[in-house]
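K.L.:
Using the working numbering, the first residue of the sequence shown is number 1, and each one after it goes up by one.
The reader is advised that the hints may include incorrect statements.
Said to hold, decoys possible - If you anchor each label on the Cβ, the simulated ranges turn out as follows:
#, residue 1, residue 2, range
1, 147, 84, 24 to 32 Å
2, 140, 23, 47 to 55 Å
3, 138, 18, 42 to 50 Å
Keep in mind that the hints were calculated from the coordinates and are not lab data.
All values reported here derive from a predicted model rather than from experimental measurement.
Where a beta carbon is used, it is the ideal one built from N, C-alpha and C, also for glycine.
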Amino acid sequence: MNTLRNHFWNIFLSLFFALLLAAGIWYLTSIGAFYRNLGIADLLLMSLAVWRLTRLFVYDAITKFIRDWFVGARPESLRGTLHTLLNCPWCTGLWFGATVMFFYFLTPYTWPVVVVLAIAALGSFFQILSNLVGWSAEYKKTQTQLLQANAQTHVEAPKC
1 MNTLRNHFWN
11 IFLSLFFALL
21 LAAGIWYLTS
31 IGAFYRNLGI
41 ADLLLMSLAV
51 WRLTRLFVYD
61 AITKFIRDWF
71 VGARPESLRG
81 TLHTLLNCPW
91 CTGLWFGATV
101 MFFYFLTPYT
111 WPVVVVLAIA
121 ALGSFFQILS
131 NLVGWSAEYK
141 KTQTQLLQAN
151 AQTHVEAPKC
């Protein structure tokens, strides 16, 4: 029973998510928006938008104030569960995935927002990739300098 009480908000929010997802799919189906052709480009745009939103809310400094609202909360409380949710990229990505998909199918006015988020996602990806290349190059440079310095200090004595 103690486990159920400790995980009440996790269970509640999971059921709430499932209910919202079912209601969103039902609504989109009832207005005829859900069965629109979904091409690779649409899927890529939505995926990049979800990736950018997830990084924005889980990692970026600009939304740290939102994450800070939930810091220090008891883990078994609603605030504690929301803290866990906002610090888990997989959880946050799932919620944003459903949200982006719903609004993308609901109205064409969402498309420009999704495109902006997708462009920002590509920019973030290129920045992360360039950081990785730069850090790798710096690491290799440092290793080479250490090896050269080590080789100079350990000059072997001539053999007699």
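K.L.:
Mind listing which of the numbered hints don't hold for this structure, in increasing order?
P.N.:
1
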